[in-house]
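Single-letter residue listing:
2 protein chains.
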Amino acid sequence: MVRVSIFYPSKPGCRFDVDYYLNTHMPLAIGTLGSAIKAVSVEIGMVGGMPDQLPPFTAICAFTCESVEAFTSAFLPNADVLQGDIPSYTDIAPVIQVSEIRLSQ
Amino acid sequence: MVRVSIFYPSKPGCRFDVDYYLNTHMPLAIGTLGSAIKAVSVEIGMVGGMPDQLPPFTAICAFTCESVEAFTSAFLPNADVLQGDIPSYTDIAPVIQVSEIRLSQ
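These protein sequence lines are chains A and B, in that order. Counting from 1, position 80 in the first sequence corresponds to residue 80 in full-length UniProt numbering; the numbering is continuous, with no gaps. Counting from 1, position 64 in the second sequence corresponds to residue 64 in full-length UniProt numbering; the numbering is continuous, with no gaps.
Hint data in this document are derived by calculation from the structure and do not stem from the laboratory. C-beta atoms are modelled at their ideal positions from N, C-alpha and C, and glycine is treated no differently. A few of these clues could be false.
Unchecked claim - Listed next, the stretches of chain B that the computed footprint assigns to chain A, with coverage defined by at least 3 CB atoms under 8 angstroms from CB atoms of chain A:
id: 1; stretch: 14 to 27
id: 2; stretch: 38 to 44
id: 3; stretch: 75 to 82
Generate the whole structure from the sequences, applying the supplied hints.
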């Protein structure tokens with residue numbers, strides 16, 4: 001299984017509308033990507049490694065899929081819609097990572 | 001629920017022993033942290049947002065816990081053992097994030 005993660009790096013003064021992201025963008029993404037998505041999570045950053053430290057990421061979204069191909073086959077035909085919605089909730093440029101899940105328990 | 005994530009940023013020439021991490025360090029961490037950990041995952045980076053791009057992170061470990069306090073109560077008494085084992089598998093300085101899980105399905 002692979003995980004496609006979208007990181008939104010924290011920046012002073014950045015804009016991120018958590019309510020819009022959770023209640024409008026994520027339902028759009030989940031509905032659009034459909035059965036290619038086996039699991040999904042959204043985390044909102046609280047703190048970094050020290051109590052007074054900003055979290056490295058304002059938000060992290062993770063999609064779990066059978067393969068990279070399963071994700072890209074579902075994502076690419078809908079990339080314009082999903083990426084076009086980004087300015088609706090943030091001015092942060094997202095960072096993408098594709099990983100192999102080696103432990104999950 | 002909160003997620004405590006440990007990111008190992010990719011750097012050219014960095015060392016990361018995946019076998020040691022999965023087979024020695026993670027069992028040590030899971031055994032040490034005990035029932036404070038409700039779920040755990042390890043991802044190994046494959047690629048970034050473009051096909052020819054390095055993944056931002058060589059590895060990502062995520063612990064799911066009831067609260068920040070549940071994690072720190074289990075981690076702090078064992079911090080020396082767990083952090084002392086880091087040079088056994090990598091020369092990357094880990095980056096820590098604590099997040100609130102707002103969506104998980």
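Going through the hints against the structure:
1. 14 to 27: Held - the stretch 14 to 27 of chain B has 3 residues with a Cβ nearer than 8 angstroms to chain A, which meets the minimum of three.
2. 38 to 44: Coverage by chain A holds for the stretch 38 to 44 of chain B (6 residues, Cβ < 8 angstroms).
3. 75 to 82: violated (count 0)
Of the numbered hints stated above, the single one contradicted by the structure is hint 3.
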